[in-house]
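Chain by chain, the residues run as shown.
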Amino acid sequence: MAVFEPEAEGLVLDAEETGGDVVGRSPWSLAGRRLLRNKLALAAFALFVLIVAVSLAAPLYAHRVAHTDPYASNLSGTFQLNGKTVQVIQQGAGKLGLGETPVGPTWHAKYFIGADSQGRDVMARVLYGGRASLFIGVGSALLACLVALVLALVAGYFGGITDLVLSRLMDLIWAFPLYLLAISLATVLLARPTTKPLKIWFITLQAASLWIPLLIIGIVYIPYVFRPIRGQVLSLREKEFVEAAVAQGAGSLRVVFLEVLPNVLSTVIVLLPLMIATTILTESALSYLSIGVQPPKASWGTIVEDGQTLLYTRPWVAIAPGIMIVLTVLALNVFGDGLRDALDPRSKVRMK
Amino acid sequence: MAEPLLSVNDLKVSFRTEDGIVRAVDGVSFTVDEGEVVGIVGESGSGKSVTMMSVMRLITDPNVIYQGEIVYKGRNLMQVSRDTMRGVRGEEIAMIFQDPMTSLNPVYTIGWQIEEQLNEHYDLKKGQARRRAIELLTQVGIPKPAERVDDYPHQFSGGMRQRVMIALALSCNPDLLIADEPTTALDVTIQAQILELIKNLKRDFGSAVVLITHDLGVVADIADRILVMYAGRIVEEGNKEQIFYDPQHPYTWGLLGSIARLDRPKARRLTAIAGQPPSLINRPQGCSFRPRCPQAFDRCRAEDPKLTAKVGDGHLDACHLSIEDKRARRDATINPELAETA
Amino acid sequence: MVTFAVRRLLGLIAVMLVLSVLVFLIFFETPGVDPARLMAGRNPNQATINAIRHEFGLDRPLPVRYALMMKRMFITRDLISYGSHTRVIPEITSATPVTLSLVVGAAVIWVIFSILTGVAATVLRGTVFDPILMILALIGISMPVFWLGEIVNLFTQSRWHGFFLFSWVPPLGYTPITQNPLKWFEGLVFPWLTLSVLYVGFYARVLRANLIETENEDYIRTARSKGISERRVLLRHNLRTSMITFVSLFGLDFGILVGGGALLTEVVFGLPGVGLLTYNSLTSLDLPVIMTTVIYGAFFITLASALVDLLYAWLDPRVRPT
Chain Y
1 MAVFEPEAEG LVLDAEETGG DVVGRSPWSL AGRRLLRNKL ALAAFALFVL IVAVSLAAPL
61 YAHRVAHTDP YASNLSGTFQ LNGKTVQVIQ QGAGKLGLGE TPVGPTWHAK YFIGADSQGR
121 DVMARVLYGG RASLFIGVGS ALLACLVALV LALVAGYFGG ITDLVLSRLM DLIWAFPLYL
181 LAISLATVLL ARPTTKPLKI WFITLQAASL WIPLLIIGIV YIPYVFRPIR GQVLSLREKE
241 FVEAAVAQGA GSLRVVFLEV LPNVLSTVIV LLPLMIATTI LTESALSYLS IGVQPPKASW
301 GTIVEDGQTL LYTRPWVAIA PGIMIVLTVL ALNVFGDGLR DALDPRSKVR MK
Chain W
1 MAEPLLSVND LKVSFRTEDG IVRAVDGVSF TVDEGEVVGI VGESGSGKSV TMMSVMRLIT
61 DPNVIYQGEI VYKGRNLMQV SRDTMRGVRG EEIAMIFQDP MTSLNPVYTI GWQIEEQLNE
121 HYDLKKGQAR RRAIELLTQV GIPKPAERVD DYPHQFSGGM RQRVMIALAL SCNPDLLIAD
181 EPTTALDVTI QAQILELIKN LKRDFGSAVV LITHDLGVVA DIADRILVMY AGRIVEEGNK
241 EQIFYDPQHP YTWGLLGSIA RLDRPKARRL TAIAGQPPSL INRPQGCSFR PRCPQAFDRC
301 RAEDPKLTAK VGDGHLDACH LSIEDKRARR DATINPELAE TA
Chain P
1 MVTFAVRRLL GLIAVMLVLS VLVFLIFFET PGVDPARLMA GRNPNQATIN AIRHEFGLDR
61 PLPVRYALMM KRMFITRDLI SYGSHTRVIP EITSATPVTL SLVVGAAVIW VIFSILTGVA
121 ATVLRGTVFD PILMILALIG ISMPVFWLGE IVNLFTQSRW HGFFLFSWVP PLGYTPITQN
181 PLKWFEGLVF PWLTLSVLYV GFYARVLRAN LIETENEDYI RTARSKGISE RRVLLRHNLR
241 TSMITFVSLF GLDFGILVGG GALLTEVVFG LPGVGLLTYN SLTSLDLPVI MTTVIYGAFF
301 ITLASALVDL LYAWLDPRVR PT
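Protein chains in written order, with the numbering used here: chain Y, 1 to 352; chain W, 1 to 342; chain P, 1 to 322.
Isolated chain Y, as found in the complex (with noise of 0.2 Å):
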């Protein structure tokens, strides 16, 4: 009786038999092309892009374009508008022919949304706003998630008493509320009464550094940030590579870093626009309350404040600041969205 050999070629399978074009990609190469084909999160990505772009041409704006300085008051000033000379502030332009009104929008280069109570060009200033929020959002956002990556990564991998202490540590600042937190932290360290500068053991911060309330919500948001991550770290601990890496003998950094890093990352890349549209509106509410940005420096939180009193005569100086925030967070939550999809379709991360 004859035996077949199975015919060698027979058993090889052709890419095209597999239909293996998605087998054969990495995870990344994927995200890519999910990433790439939702439009809205592409838009969402350029705006942002964009608006970053502007603000950081604020001085070209102000200088060039404006010709104003953004910082310096100009209560008795005036310019060229249409031929004619205007005041920066009317007296007696409003209701009743009372107080002093400041220029409103003009349109021009010129106070093109209008001055604010001190005379300033609002337009320039949203400019210069828009790169303190969004210096302090980005980099509260970055500390957070890297300090929270650290941690997680530590606590995670390395369990038992170190773990109990760090998620403990988290578990009292989750249970702390946020904004009191930050308000505590703010009365403290920015609202104090001198000028004089800030010194924490070794670290010596200007009264009015952009760095303060940068420290202050970067340090609240870490909870959020390290739960989810630490969750993550600990399953992927009982995950079979990890344990066949361990079984080879790799040393404890080695897993840390080769095994469980790069698995992680893909939440913390998720987590990161959305992080970041969090800290500009905590940044924006703190400086609204006047305990984040301090005088001089502005951020799109303070021109809402600073707008306020003229609200029913000069709207435009509370709502382009808040234009701004909307657009720009907009833009993080769609995009991050789009991220979210592109990375973790199943949605195992999830902000709160």
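Any given hint could be a false lead.
Pairs of lysine to any residue residues, derived as SDA-like cross-links and limited to a Cα-Cα distance of at most 20 Å, are as follows [unchecked claim]:
1) K144/W <-> R131/W
2) K110/Y <-> N74/Y
3) K39/Y <-> T283/P
4) K39/Y <-> T127/P
5) K12/W <-> A192/W
6) K199/W <-> E92/W
7) K39/Y <-> D19/W
8) K297/Y <-> V189/P
9) K39/Y <-> P131/P
10) K39/Y <-> F129/P
11) K297/Y <-> T283/P
12) K297/Y <-> W211/Y
13) K39/Y <-> T17/W
14) K12/W <-> Y66/W
15) K239/Y <-> F129/P
16) K39/Y <-> E18/W
17) K297/Y <-> L172/Y
Since the hints were derived computationally from the structure, they do not count as laboratory data.
Fit chains W and P to the given chain Y structure using the hints.
Below, chains W and P alone, put in the same frame as chain Y:
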């Protein structure tokens, strides 16, 4: 012969995905008679679950495309209204799922979940549904049913939960019970108990049963007729004796070769089927099993084999090999020791 | 159940204790900051600073300082505000009904509208309405509440106030419900709406995500296979289990808002609640008031989270203690 209870005619189920159209079920036809037990066997992704989910119209994916017809008691279920279909589900056709741990709603008591189905289909008085639920729990062998009826699913073990699922499925005396891998998620000892239970209840309730499994061993005892599915198609169909003692398709040989058998003289190595199932997006030309088939020859690449009766009454297969070739090669593949003595 | 409640209560007391220590440390022990100087307000003289230092026992050891502070806050309750020279605790108690009025009303709006939006988006999946609703929800989440409040004020108080639709809107401020229920209601309509926008957006999105996730659960398929109606599958099976997350988030957010988290809304609409009190003391740097509102707020929120745990056990039999 009487009209079959269920007859599936050239059913095609596809899903639109970002990579193309996935033909999960690609032209499947079969019948189920009243009181008959049909086993559908195939590896994961062969389309066996999708076929039976289509019978229940339980696929909610908006990207699904159906073709063909599913005739149940003379009605084409593909075309009946949603409300008619709701009346069929649970009352006439019921289904048991693979994972009893996740198939019951965690926030309701099991009594509530059985009563919900009873109340949906019958006009029951207060207390009647509950009595019936306790009765059903007794029938499926739940100890202390009167107390356990108020327990939540998480308070039951896996095997007990599957019993609850069976009670739920049988609560309206369905004519057809679909069991989708009912024992896969359970321990081996529990598996046997559950299969025994299904067998006994089938006798008591007189339902026809379609048992879906990837394990030929599971259907060996219980099924009257067996369908073997591969890559969205039926590759062999026959009664139990035909499939186990005279399998025609090389894929069936592979399945038989990969189960441990006690009815053979000598213990031997289990053989695995090399390779992976083909892509359901770009089906290979010719026979779908050809890339993995050790017996493949030129014709298999060129021509798609049809499912036809070649060896005997009701025994269909889709393979180009001649009957003699098949028998010779089969014994060499799955029973080398028998082949040597022959 | 009793042991569970007792254990939870003990945990609650422990957390409150730790929180009070933490607040105390932030306000009194931050390196580089002199609390007496801070407490004396803007431009104080040295005598005041010394007096404060003595009064709060700042020259005594740390545990004594903490004990003294807690005694004044909770036992003698005679902490004095440096701005208004009134006792802090009664001020907070009298501000509470305002905050409660604001938060309860907003909560009713946000629960109703977020459930409607979330369910509608889920049902309308595959049509254009789902993405439209979700973009609207995202816009709601992306708006700073204080800015939205200002825009609302701009139109209802000034620009469109002459228009009959908005002419009934009373000037900013608060009328107690005991004094005039109608005025109470009219004055709160826009603060309620403004405060709820963010939460409607957030909860609608959370609910939609939960509904869709639950939709893929095996037990939803089981429910369908039983032959019950789509409506019943959605409401009794899907929504019921999805509400577990919703309700626990709601409990926490409600607690945070009552604990003073509504301060931005209170500031914009001039509602004299706990949040406005905090804000005013922030601008005048009235440390005793800030610290007390922070501790009271934190306690309220911890209490809320304990209640949420109980509620969670009630909603989800799996975590119910037996």
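The hints, checked one at a time:
1. A threshold of 20 Å between alpha carbons decides the hint, and for K144/W with R131/W the separation of about 13 Å falls inside it, so the pair holds.
2. Taken as a hint, the K110/Y and N74/Y pair is honoured in the structure, with Cα atoms around 13 Å apart against an allowance of 20 Å.
3. Taking the CA atoms of K39/Y and T283/P, the gap is near 45 Å; set against the 20 Å cutoff, the hint is violated.
4. Proximity of K39/Y to T127/P is assessed by CA-CA distance (about 18 Å); at most 20 Å being required, the pair is judged to hold.
5. The straight-line distance between the Cα atoms of K12/W and A192/W is roughly 33 Å, outside the 20 Å bound, and the hint therefore fails.
6. Only pairs whose Cα atoms come within 20 Å are accepted, and K199/W paired with E92/W is accepted, the gap being roughly 19 Å.
7. Between K39/Y and D19/W the alpha-carbon distance is near 18 Å, which keeps this suggested pair within the 20 Å criterion.
8. Simply put, K297/Y and V189/P have alpha-carbon atoms about 36 Å apart, too far for the 20 Å limit, and the pair is violated.
9. Distance restraint check for K39/Y and P131/P: the Cα-Cα separation of roughly 13 Å lies within the 20 Å cut-off, and the hinted pair is therefore satisfied.
10. Annotation: proposed proximity of K39/Y to F129/P holds, straight-line Cα distance about 18 Å (limit 20 Å).
11. Of the pairs offered as hints, the one joining K297/Y and T283/P holds, with about 18 Å between alpha carbons and a cut-off of 20 Å not exceeded.
12. Between K297/Y and W211/Y the alpha-carbon distance is near 12 Å, which keeps this suggested pair within the 20 Å criterion.
13. Annotation: proposed proximity of K39/Y to T17/W holds, straight-line Cα distance about 18 Å (limit 20 Å).
14. For the suggested pair K12/W and Y66/W, the alpha carbons sit about 6 Å apart, so the restraint of at most 20 Å is met.
15. For the hint pairing K239/Y with F129/P, the CA-to-CA distance comes to about 41 Å; that exceeds 20 Å, so the pair is violated.
16. Distance restraint check for K39/Y and E18/W: the Cα-Cα separation of roughly 15 Å lies within the 20 Å cut-off, and the hinted pair is therefore satisfied.
17. Of the pairs offered as hints, the one joining K297/Y and L172/Y is violated, with about 33 Å between alpha carbons and a cut-off of 20 Å exceeded.
Taken one by one, the earlier hints fail for this structure at numbers 3, 5, 8, 15 and 17, listed in ascending order.
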